[in-house]
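Enquirer: Whole structure, please, built from the sequences with the hints as guidance.
Each chain, letter by letter, is given below.
4 protein chains.
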Amino acid sequence: MSYSTDFYTAAQELIAAGQFIDRKGWVPATSGNFSARLPDNTCAITVSGKHKGQLTPSDIMLIDALGQSLDGKTPSAETLLHTHLYQRYPTTQAVLHPHCLSATLISKLWSDAVVLEDYELLKALPGITTHATQVRIPIFANDQDIARLAQQVDRYLDQHPATCAYIIAGHGIYTWGNSVAAALRHLEALDFLFECELRLHRVKNQ
Amino acid sequence: MSYSTDFYTAAQELIAAGQFIDRKGWVPATSGNFSARLPDNTCAITVSGKHKGQLTPSDIMLIDALGQSLDGKTPSAETLLHTHLYQRYPTTQAVLHPHCLSATLISKLWSDAVVLEDYELLKALPGITTHATQVRIPIFANDQDIARLAQQVDRYLDQHPATCAYIIAGHGIYTWGNSVAAALRHLEALDFLFECELRLHRVKNQ
Amino acid sequence: MSYSTDFYTAAQELIAAGQFIDRKGWVPATSGNFSARLPDNTCAITVSGKHKGQLTPSDIMLIDALGQSLDGKTPSAETLLHTHLYQRYPTTQAVLHPHCLSATLISKLWSDAVVLEDYELLKALPGITTHATQVRIPIFANDQDIARLAQQVDRYLDQHPATCAYIIAGHGIYTWGNSVAAALRHLEALDFLFECELRLHRVKNQ
Amino acid sequence: MSYSTDFYTAAQELIAAGQFIDRKGWVPATSGNFSARLPDNTCAITVSGKHKGQLTPSDIMLIDALGQSLDGKTPSAETLLHTHLYQRYPTTQAVLHPHCLSATLISKLWSDAVVLEDYELLKALPGITTHATQVRIPIFANDQDIARLAQQVDRYLDQHPATCAYIIAGHGIYTWGNSVAAALRHLEALDFLFECELRLHRVKNQ
Numbered sequence: 199m200s201y202s203t204d205f206y207t208a209a210q211e212l213i214a215a216g217q218f219i220d221r222k223g224w225v226p227a228t229s230g231n232f233s234a235r236l237p238d239n240t241c242a243i244t245v246s247g248k249h250k251g252q253l254t255p256s257d258i259m260l261i262d263a264l265g266q267s268l269d270g271k272t273p274s275a276e277t278l279l280h281t282h283l284y285q286r287y288p289t290t291q292a293v294l295h296p297h298c299l300s301a302t303l304i305s306k307l308w309s310d311a312v313v314l315e316d317y318e319l320l321k322a323l324p325g326i327t328t329h330a331t332q333v334r335i336p337i338f339a340n341d342q343d344i345a346r347l348a349q350q351v352d353r354y355l356d357q358h359p360a361t362c363a364y365i366i367a368g369h370g371i372y373t374w375g376n377s378v379a380a381a382l383r384h385l386e387a388l389d390f391l392f393e394c395e396l397r398l399h400r401v402k403n404q
Numbered sequence: 199m200s201y202s203t204d205f206y207t208a209a210q211e212l213i214a215a216g217q218f219i220d221r222k223g224w225v226p227a228t229s230g231n232f233s234a235r236l237p238d239n240t241c242a243i244t245v246s247g248k249h250k251g252q253l254t255p256s257d258i259m260l261i262d263a264l265g266q267s268l269d270g271k272t273p274s275a276e277t278l279l280h281t282h283l284y285q286r287y288p289t290t291q292a293v294l295h296p297h298c299l300s301a302t303l304i305s306k307l308w309s310d311a312v313v314l315e316d317y318e319l320l321k322a323l324p325g326i327t328t329h330a331t332q333v334r335i336p337i338f339a340n341d342q343d344i345a346r347l348a349q350q351v352d353r354y355l356d357q358h359p360a361t362c363a364y365i366i367a368g369h370g371i372y373t374w375g376n377s378v379a380a381a382l383r384h385l386e387a388l389d390f391l392f393e394c395e396l397r398l399h400r401v402k403n404q
Numbered sequence: 199m200s201y202s203t204d205f206y207t208a209a210q211e212l213i214a215a216g217q218f219i220d221r222k223g224w225v226p227a228t229s230g231n232f233s234a235r236l237p238d239n240t241c242a243i244t245v246s247g248k249h250k251g252q253l254t255p256s257d258i259m260l261i262d263a264l265g266q267s268l269d270g271k272t273p274s275a276e277t278l279l280h281t282h283l284y285q286r287y288p289t290t291q292a293v294l295h296p297h298c299l300s301a302t303l304i305s306k307l308w309s310d311a312v313v314l315e316d317y318e319l320l321k322a323l324p325g326i327t328t329h330a331t332q333v334r335i336p337i338f339a340n341d342q343d344i345a346r347l348a349q350q351v352d353r354y355l356d357q358h359p360a361t362c363a364y365i366i367a368g369h370g371i372y373t374w375g376n377s378v379a380a381a382l383r384h385l386e387a388l389d390f391l392f393e394c395e396l397r398l399h400r401v402k403n404q
Numbered sequence: 199m200s201y202s203t204d205f206y207t208a209a210q211e212l213i214a215a216g217q218f219i220d221r222k223g224w225v226p227a228t229s230g231n232f233s234a235r236l237p238d239n240t241c242a243i244t245v246s247g248k249h250k251g252q253l254t255p256s257d258i259m260l261i262d263a264l265g266q267s268l269d270g271k272t273p274s275a276e277t278l279l280h281t282h283l284y285q286r287y288p289t290t291q292a293v294l295h296p297h298c299l300s301a302t303l304i305s306k307l308w309s310d311a312v313v314l315e316d317y318e319l320l321k322a323l324p325g326i327t328t329h330a331t332q333v334r335i336p337i338f339a340n341d342q343d344i345a346r347l348a349q350q351v352d353r354y355l356d357q358h359p360a361t362c363a364y365i366i367a368g369h370g371i372y373t374w375g376n377s378v379a380a381a382l383r384h385l386e387a388l389d390f391l392f393e394c395e396l397r398l399h400r401v402k403n404q
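Protein chains in written order, with our numbering: chain A, 199 to 404; chain B, 199 to 404; chain C, 199 to 404; chain D, 199 to 404.
Any given hint might turn out to be false.
One copy or two, either will do: identical chains are not told apart, so a pair holds if it fits within one copy or between any two.
Lysine-lysine pairs mimicking DSS-like chemistry, simulated, CA-CA at most 27 angstroms apart [unchecked claim]:
id : residue 1 : residue 2
1  : K271      : K248
2  : K248      : K222
3  : K248      : K402
4  : K321      : K222
5  : K306      : K222
By construction, these hints were calculated from the structure, which means they are not laboratory data.
Expert: In structure tokens form, the structure reads like this:
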């Protein structure tokens with residue numbers, strides 16, 4: 199199997215993103231998966247079972263728009279959650295799914311969503327131009343049946359298309375953007391804001 | 199556009215400061231902005247929209263003393279907050295504005311100011327020679343109208359000229375000094391002291 | 199004394215694991231010890247008294263299956279806890295014992311075990327394929343008499359052979375796996391999950 | 199001024215210790231000071247006003263056993279606290295004084311001492327061979343009059359010669375050892391144990 203230059207470029211971006219995300223502690227053990235859409239609408243995506251802070255090009259595989267393997271490697275069970283986002287959002291070029299402690303804790307203490315407001319950093323999220331706004335990040339129940347989980351997500355995004363991320367309870371976060379850098383920006387902002395909410399929650403609920 | 203050696207020296211200091219500040223986690227996503235005054239009273243300042251831990255010389259632009267671009271690049275909306283400080287304090291040579299978690303949380307739990315006292319580390323702040331003192335860091339409401347926000351800050355600093363930093367609520371901190379190193383020293387000390395206050399607050403308010 | 203290539207390979211893996219673990223802050227001072235089984239059923243194990251983030255090949259020694267020194271170096275008092283695991287689990291090739299803050303705190307706040315459930319990251323542990331499960335990590339009282347402590351552990355593992363880790367109260371964690379990488383994966387997952395439990399505990403018990 | 203090889207060796211050890219300690223966040227701004235005794239009973243000690251994570255050999259000065267400068271550089275005001283320890287303890291070769299967040303917080307929440315017990319990591323401290331012991335770390339009021347503070351410390355150490363560290367309230371910790379590595383080991387162990395106590399304190403006092 200030989201890969202295109204676009205594939206290798208995307209793979210390098212995902213490898214660098216993984217090192218960045220791992221330094222933050224957001225992909226413990228071999229958790230998480232990352233993908234980037236290529237110009238021909240195929241996707242580069244991490245294979246499962248590898249430490250995301252120590253990825254090499256051979257840990258990135260090629261799938262088609264429906265999530266089928268194009269290079270004989272076995273895609274992660276969660277691949278469907280990536281491809282659904284690419285199908286829904288034509289400008290989305292990257293999807294990041296780490297297991298942040300902050301998102302995991304949020305999902306255990308909030309119920310169906312966490313609402314972020316009155317933070318300047320909200321402006322790092324797409325389409326936000328003022329802190330005086332509300333950004334709602336939905337929380338879905340975890341499910342080993344990924345098709346069913348994807349359906350649950352789809353129903354929500356049909357109703358709330360401007361969503362930029364979602365949490366799977368006790369599991370992690372999915373966020374996406376028009377480039378790997380944009381998705382990373384959303385991730386870094388959300389983790390910071392979740393951590394703010396968690397530390398304020400502790401105080402407010404005493 | 200060609201820049202002076204002074205500009206490049208200042209740009210290198212701001213780049214290194216950005217890497218230091220990012221390792222601490224104080225500039226998530228593309229938040230924050232930093233500047234340094236040059237001998238001819240122009241300023242080197244970070245352009246907006248870049249990750250402050252990954253700055254290159256082309257991410258630093260040149261403005262005049264009033265905040266107008268001198269090199270065709272677009273200055274950050276918050277540039278005015280930098281230039282007002284340089285106009286007010288003739289010896290100030292650098293202004294740092296990161297989005298520390300500590301400052302953000304302080305602004306959500308304290309009201310119009312946080313008062314620091316009885317810490318040896320206060321001596322890292324300008325003009326402080328003993329722990330047995332009080333340092334007041336004011337907190338201003340966030341405002342997307344930067345001219346109005348600058349006015350709010352100016353009114354306070356007119357009354358309290360010895361101030362070394364201020365917090366914008368839900369946003370971040372501004373601190374300054376006679377060099378980039380001095381501003382960094384103030385920042386590192388204040389973040390430590392804010393974190394102390396936050397952890398003590400939790401206990402005291404149980 | 200000359201060592202086999204297998205020994206040096208294992209030593210390099212333990213040195214790298216030590217650097218990884220130290221960056222996480224899990225082996226403060228000279229705490230912790232790590233081992234790897236060699237093909238001939240001898241073991242490479244860290245000598246005591248060295249900082250585990252700064253190991254060199256000479257800080258790794260060779261012991262036989264019963265924990266006796268084969269190279270004249272003095273094994274750690276806790277060597278027995280390693281060899282018992284190798285004797286019990288034929289596929290276990292590595293044992294890691296760091297002093298994580300999380301495990302230490304868990305042991306002070308929970309009594310005889312911590313039960314982890316409803317976390318996707320549980321799937322990083324051996325034999326777990328769904329978050330909808332319970333993983334029990336037992337906590338044993340600390341004891342300077344290592345033979346007696348080993349006996350305590352053995353009694354529990356006789357009854358609960360599927361255990362993948364245990365905590366010694368006020369001391370640290372033991373975890374193991376089919377390779378150094380697998381043991382590291384278990385460790386990284388457990389530390390994350392312990393930290394989740396600790397932060398939730400604080401809220402739930404307010 | 200030319201320095202001995204012993205001086206340069208000690209300076210390199212203090213520089214490396216500073217980098218280690220700074221990575222932990224224990225010397226914010228330009229806080230802290232470190233020293234090492236030389237074979238001729240003079241001392242290498244950090245000059246004041248430098249960032250301890252970025253020391254160069256010229257940031258280390260030479261003092262005599264009474265704390266007087268031998269090279270024309272100005273010693274830190276706290277030099278006396280170092281030399282008193284060297285006079286008291288003939289085997290002590292290094293003194294480290296960082297501003298750990300943990301020690302600062304302990305001093306705000308405990309009164310005249312913190313007692314550590316039932317931690318395996320206590321064995322990293324000198325003369326401790328079991329977790330089933332108590333180690334008392336005294337807390338002294340901060341004082342800008344260093345001679346008076348030194349006297350306060352001396353009175354305590356006269357009564358409790360086996361002490362391995364003390365806290366100055368709102369300020370930081372002093373610890374020492376038979377080498378720079380030994381003092382670092384004590385520091386790393388104490389910071390870990392203080393952090394344990396702080397996190398348990400929060401729970402116990404709810």
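Enquirer: Decide, hint by hint, whether the structure agrees.
Expert: Structure-based check of all given hints:
With identical chains, the CA atoms of K271 and K248 are at most 27 angstroms apart within one copy only, with a shortest distance of 13 angstroms there and 36 angstroms across copies. Both within a single protomer and between protomers do K248 and K222 lie at most 27 angstroms apart by alpha-carbon distance, with minima of 17 angstroms and 19 angstroms respectively. With identical chains, the CA atoms of K248 and K402 are never at most 27 angstroms apart, being 39 angstroms at best within one copy and 34 angstroms at best between copies. Taking the closest pair of Cα atoms, K321 and K222 come within 27 angstroms of each other both inside a single copy (21 angstroms) and across two copies (21 angstroms).
Taking the shortest alpha-carbon separations for K306 and K222, both the intra-copy value of 21 angstroms and the inter-copy value of 24 angstroms come in at or below 27 angstroms.
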